[in-house]
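S.K.: Please arrange chains B and C on chain A, whose structure you already have, making use of the hints.
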Amino acid sequence: MANKEKVTIVVSSGDLDKVSASFIIANTAAAMDKDVTLFFTFWGLNVLRKSAFNLRAPKIIQKLFSLLNRGGKERLPLSKFHMFGIGTFLMKYLMKKYRMPSITEAIKTAKELGVKIIACTTTIGVMGLAKDDFIPEVDSLAGASAYLGEALESKVNLFI
Amino acid sequence: MANKEKVTIVVSSGDLDKVSASFIIANTAAAMDKDVTLFFTFWGLNVLRKSAFNLRAPKIIQKLFSLLNRGGKERLPLSKFHMFGIGTFLMKYLMKKYRMPSITEAIKTAKELGVKIIACTTTIGVMGLAKDDFIPEVDSLAGASAYLGEALESKVNLFI
Amino acid sequence: MANKEKVTIVVSSGDLDKVSASFIIANTAAAMDKDVTLFFTFWGLNVLRKSAFNLRAPKIIQKLFSLLNRGGKERLPLSKFHMFGIGTFLMKYLMKKYRMPSITEAIKTAKELGVKIIACTTTIGVMGLAKDDFIPEVDSLAGASAYLGEALESKVNLFI
Numbered sequence: 004m005a006n007k008e009k010v011t012i013v014v015s016s017g018d019l020d021k022v023s024a025s026f027i028i029a030n031t032a033a034a035m036d037k038d039v040t041l042f043f044t045f046w047g048l049n050v051l052r053k054s055a056f057n058l059r060a061p062k063i064i065q066k067l068f069s070l071l072n073r074g075g076k077e078r079l080p081l082s083k084f085h086m087f088g089i090g091t092f093l094m095k096y097l098m099k100k101y102r103m104p105s106i107t108e109a110i111k112t113a114k115e116l117g118v119k120i121i122a123c124t125t126t127i128g129v130m131g132l133a134k135d136d137f138i139p140e141v142d143s144l145a146g147a148s149a150y151l152g153e154a155l156e157s158k159v160n161l162f163i
Numbered sequence: 004m005a006n007k008e009k010v011t012i013v014v015s016s017g018d019l020d021k022v023s024a025s026f027i028i029a030n031t032a033a034a035m036d037k038d039v040t041l042f043f044t045f046w047g048l049n050v051l052r053k054s055a056f057n058l059r060a061p062k063i064i065q066k067l068f069s070l071l072n073r074g075g076k077e078r079l080p081l082s083k084f085h086m087f088g089i090g091t092f093l094m095k096y097l098m099k100k101y102r103m104p105s106i107t108e109a110i111k112t113a114k115e116l117g118v119k120i121i122a123c124t125t126t127i128g129v130m131g132l133a134k135d136d137f138i139p140e141v142d143s144l145a146g147a148s149a150y151l152g153e154a155l156e157s158k159v160n161l162f163i
Numbered sequence: 004m005a006n007k008e009k010v011t012i013v014v015s016s017g018d019l020d021k022v023s024a025s026f027i028i029a030n031t032a033a034a035m036d037k038d039v040t041l042f043f044t045f046w047g048l049n050v051l052r053k054s055a056f057n058l059r060a061p062k063i064i065q066k067l068f069s070l071l072n073r074g075g076k077e078r079l080p081l082s083k084f085h086m087f088g089i090g091t092f093l094m095k096y097l098m099k100k101y102r103m104p105s106i107t108e109a110i111k112t113a114k115e116l117g118v119k120i121i122a123c124t125t126t127i128g129v130m131g132l133a134k135d136d137f138i139p140e141v142d143s144l145a146g147a148s149a150y151l152g153e154a155l156e157s158k159v160n161l162f163i
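Residue numbers (our numbering), protein chains in the order written: chain A, 4 to 163; chain B, 4 to 163; chain C, 4 to 163.
Derived by calculation from the structure, the hints in this document are not laboratory data. Each hint should be verified, as a subset may be incorrect.
No copy labels: a pair is met if it fits in one copy or bridges any two.
As the list claims (entries may be wrong) - Restricting the straight-line Cα-Cα distance to at most 27 Å, the calculated cross-link-like pairs of lysine-lysine (DSS-like) are:
1) LYS134 with LYS100
2) LYS53 with LYS134
3) LYS111 with LYS7
4) LYS95 with LYS134
5) LYS9 with LYS158
6) LYS134 with LYS99
7) LYS76 with LYS95
8) LYS158 with LYS7
9) LYS119 with LYS9
10) LYS53 with LYS95
11) LYS99 with LYS53
12) LYS119 with LYS158
13) LYS95 with LYS119
Chain A extracted, bound-state conformation:
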C-alpha cells in the first residue's frame, strides 16, 4: 500500500461538469491501482450532502446561506448554461446516453475502488453545514495540513 503512486484532487467546485471530471480522473486512477484521495471543500461539499436544505443549521445566517446554496449530489448545476435547469437536464440526458456515470454512481464506484473521500473541516461551517449533514460515503473530515501531507507525497495534484 505504501508503495503505490498517489493522486490527490481538491474538489472545490460543485458544478456537475467539474465534479464529473474529478470522479472520472479519480476512478480511472484507482482502476490503475493508484492510491487516490478526493478532498472536498467549499462548493464541492455540496456533493457530499445528505439533503437539499439543512434544517439543522445551528444559526439563522447559516440557514439563509444553506437555503441559497441548496445542494445534494442529484442537484448539481452545470458551470455554464444551467439556465434554470434546461442546460443541465440536456447534459444529464447526454451523460446517460453516452454511459457516463451519474455522480451517485461515480461515488459508488469510487468507494468500491478504494478512493478516499474527505470533507474539509475548515469550510464546513462557512458553507452553512454541520458534521451530520454528510452522506456515509465520507471517510473522514480533515483540514488543510492533512491535505498537504497527502499532496506532498502525490505524483499528480489537481485543484478542480
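M.R.: Same frame as chain A, but now just chains B and C:
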C-alpha cells in the same frame, strides 16, 4: 525525447481567460524545451471546434445542447464580465494592444513548438460533438487513462 | 533554503472562495516550513490592487475595462450566489464567525510566513492595470517562464 521533463494540462474551461492562461503556460514550457500535452475536455472542447453550430449532431438533444453551447476558438467568452460580449470585446482589444496572442495564433504557435493537443473521448458525445467537428490541429483523441499515463510522468500537472 | 520542498500556486481567480482556498493552502504549507509561491494572474490580480477604480489607467479602453472589473481585496465576490452582494455578505459573516481569516488578514499572515507573492507581467495590461496599482505586499512582477522555473521544482503545483 524520452528524457525531457513533461508538463500536462487539462483544459476543462472554454473561457477566453482560462484558455489563454493554458496556452501561455503550454507555449512557454514548450519554448523551454519541455514535452507539453494539452488535454481538452468538457467546455475546453469548444476551443477545438471547427464551427459554431454542429448541424451534424446525430440526435435532437445533442443539436439542442450544441445550439446552447455554440463554440469555436473565435467565440470564447470571458469567465466574468462577458456581458453580452462587451467585456469580452474590451479584453480582446487589450490582448491585441499588449501583444498577447489570440487563441488562433496561440494554437499555431503551440503546433510549431510541438505541443500535443488531445481531445477527450469521454466527453465528446456529452458535449454534443462528433469526431469530425474538430480542427486539424488536434493530434489525437484519448481517454482518462491516456491522460493519467502522461500526468503520472509529468513534473507539472494543472487542471484549468 | 534551497532544500525546502516547494509549493507553487497560480491564482487566476478573483472569487472570494477561490482566493480563500489559495491562501489557506499557501499559509498552511508555509507553516509546515515549505517554500511557497503564489503567482497571481488574470482576475487573481484583483486581490493585489490598491484601489477599486484605476483612475491612472493609461487609455480609455483600459479605463472602461477597469470600471467593469472593479477589484481590491475587500471587494471580491463569490464564484456563486454573489447575488448583488447578499450571498457574499452571508459568507463573509460565516467566515468571520468560524474564524476563517479575511483576505486582508490572510495576506498579512502570508507575508509573515514568507510566502512569495508575485504578479504576472503578461496579464497586467490586459486586465487594465499598471505597475503602481499594486499593494506593497507584492514581492515582484514576473512572467510565465519565471513561473515555470518555480513550478518545475515544486512538489505541489495547483492552478486555482
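S.K.: For each hint, tell me whether it holds in the structure or not.
M.R.: Checked hints:
1. Within a single copy, LYS134 and LYS100 get their C-alpha atoms only as close as 36 Å, which misses the 27 Å cut-off; across copies the closest is 17 Å, which meets it.
2. Only within a single protomer do LYS53 and LYS134 lie at most 27 Å apart by alpha-carbon distance; the minimum there is 11 Å, versus 39 Å between protomers.
3. For the identical chains of this complex, LYS111 and LYS7 are intra-copy neighbours only, at 22 Å inside a copy versus 38 Å across copies, given an alpha-carbon limit of 27 Å.
4. Proximity of LYS95 and LYS134 under a CA criterion of 27 Å is satisfied inter-copy only: 20 Å between copies versus 29 Å inside one chain copy.
5. Taking the shortest Cα distances, LYS9 and LYS158 sit within 27 Å of each other both inside one copy (6 Å) and across copies (12 Å).
6. Taking the closest pair of Cα atoms, LYS134 and LYS99 come within 27 Å of each other only across two copies (19 Å); inside a single copy the shortest separation is 32 Å, beyond that limit.
7. Proximity of LYS76 to LYS95 under the C-alpha cut-off of 27 Å is found in both arrangements, the shortest distances being 13 Å within a copy and 25 Å between copies.
8. Taking the shortest alpha-carbon separations for LYS158 and LYS7, both the intra-copy value of 10 Å and the inter-copy value of 17 Å come in at or below 27 Å.
9. For a Cα distance limit of 27 Å, the shortest separation of LYS119 from LYS9 qualifies both inside one copy, at 11 Å, and across copies, at 25 Å.
10. Taking the closest pair of Cα atoms, LYS53 and LYS95 come within 27 Å of each other both inside a single copy (20 Å) and across two copies (25 Å).
11. Taking the shortest Cα distances, LYS99 and LYS53 sit within 27 Å of each other both inside one copy (23 Å) and across copies (26 Å).
12. When the C-alpha separation of LYS119 and LYS158 is checked against a cutoff of 27 Å, the pair qualifies both within a copy, at 16 Å, and between copies, at 21 Å.
13. Only within a single protomer do LYS95 and LYS119 lie at most 27 Å apart by alpha-carbon distance; the minimum there is 25 Å, versus 30 Å between protomers.
Consistency note: the structure conflicts with none of the earlier hints.
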